[in-house]
Amino acid sequence: MAERRVAFVVPHPYVDALACFRAPILWLADRGWRVDLYTTLSAEHPAPFFGRDNVTLVPMQQSRRGVVDLLTRLVTAQPKYRAIVTVPQWALYYCAKAARLVGVPIGCISDELKSDDEATSGEARRWRARERRAHQQCRWTVALSAERAGFVRRENRLPDSHPVFVVPNAPAGPAVRHASTYFRDRLALGADARILLHAGSLWWPRARELAAVADEWSADWTVVFQTRLRLGENGFHDTRRVHFAREVLPASLLDYAVSSASIGLALYDESSVNNRLMGTASGKVALYLKNGLPVIVTRAGGFDWIEREGCGACVANVREIPAAAERIWANYAETAARATAFYDRSLDFAAHFPAVADFMASL
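Take the sequence shown: its position 176, counting from 1, is numbered 176 in the numbering used here, and each next residue is one higher.
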């Protein structure tokens, strides 16, 4: 039997900040798999760190030379990989070539959705066709929600026999609210500050709108942006009610920091199918719920379950956030308890990934 050695090819420089990649890598490593993580590095992000001797970081580049280097490494690896795990589109396309050359099974974690309808340029259509062919070569797929699983199967014309595992974009383990004053201490906020936390990228248009209007609120809420970028804020700046945590947090500190907030914010629009089918695939939402935070989300993105499960509130725009936060605050303990219960019942990675690991072990 071949050594349990797997290649993860994920060209995101913040790969360890995303649960859909960090959690399976740690799960497999802790069960004896040797994991080689091929990923891009960036001056704006710290290098991924997993704290496991059997997880090896292999830098890669998305260039012509990088393609040759990646294919060479994957094809000549000794002992041969038991499997290759990757993501659409660039990595999936080239990993499929390598897998075909050496007869290694390949699996896809479908993190970002691309649709045929959105491929309006010739180049985009070519990449969609490449993605579809490569995905059809995969032995299995991980989708981040049931709705996304159906989309991936339809859009890539996968047969009914193709296994699609639904694994939420969440860490392993039960939800726990840590005793923490991280943001109050780091940003010199008052001991009684009520914190609305936006964890993630700042390129969302509604994130900029939120930063612009928060100072107009009559309610006493502080908005904290915890970004993935090490450098600058692209024109953002601190104000009376808005603060930017400028240091990129390692994955090991995420739970402690998030637990110090009051409510989590997840702002999406309907500009892409990836956003419209976000739902339980949102890494932000899972991170908040994992740490017992109620959440406020924009209605776009399939978040009706947030209110149905009593985990928080949905808003149509950022100007509705203060009123939604006050409603949650009036019944905070019960809402936080429901958020924790829903996470444990529906999102815990440990309840969903063993079927994937068993399938990989059987290859």
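In short, the hints are calculated from the structure, not lab data.
These figures come from a predicted structure and were not determined experimentally.
In this text, a Cβ means the ideal position worked out from N, Cα and C, and glycines have one as well.
Treat the hints with caution; some may be incorrect.
[To be verified] Per label pair, the in silico range of CB-to-CB distance: (1) Ala47 x Glu3: 22 to 30 angstroms; (2) Glu123 x Gly150: 23 to 31 angstroms; (3) Ala77 x Asp185: 26 to 34 angstroms; (4) His178 x Ala361: 31 to 39 angstroms; (5) Gln137 x Gln62: 46 to 54 angstroms; (6) Glu123 x Asn331: 16 to 24 angstroms; (7) Glu270 x Glu326: 21 to 29 angstroms; (8) Asn317 x Gly122: 33 to 41 angstroms.
Hints, verified against the model:
no., hint, in the structure
1, Ala47 x Glu3: 22 to 30 angstroms, "holds (26 angstroms)"
2, Glu123 x Gly150: 23 to 31 angstroms, "holds (27 angstroms)"
3, Ala77 x Asp185: 26 to 34 angstroms, "violated (45 angstroms)"
4, His178 x Ala361: 31 to 39 angstroms, "holds (33 angstroms)"
5, Gln137 x Gln62: 46 to 54 angstroms, "violated (20 angstroms)"
6, Glu123 x Asn331: 16 to 24 angstroms, "violated (50 angstroms)"
7, Glu270 x Glu326: 21 to 29 angstroms, "holds (26 angstroms)"
8, Asn317 x Gly122: 33 to 41 angstroms, "holds (36 angstroms)"
In summary, the numbered hints that this structure violates are 3, 5 and 6.
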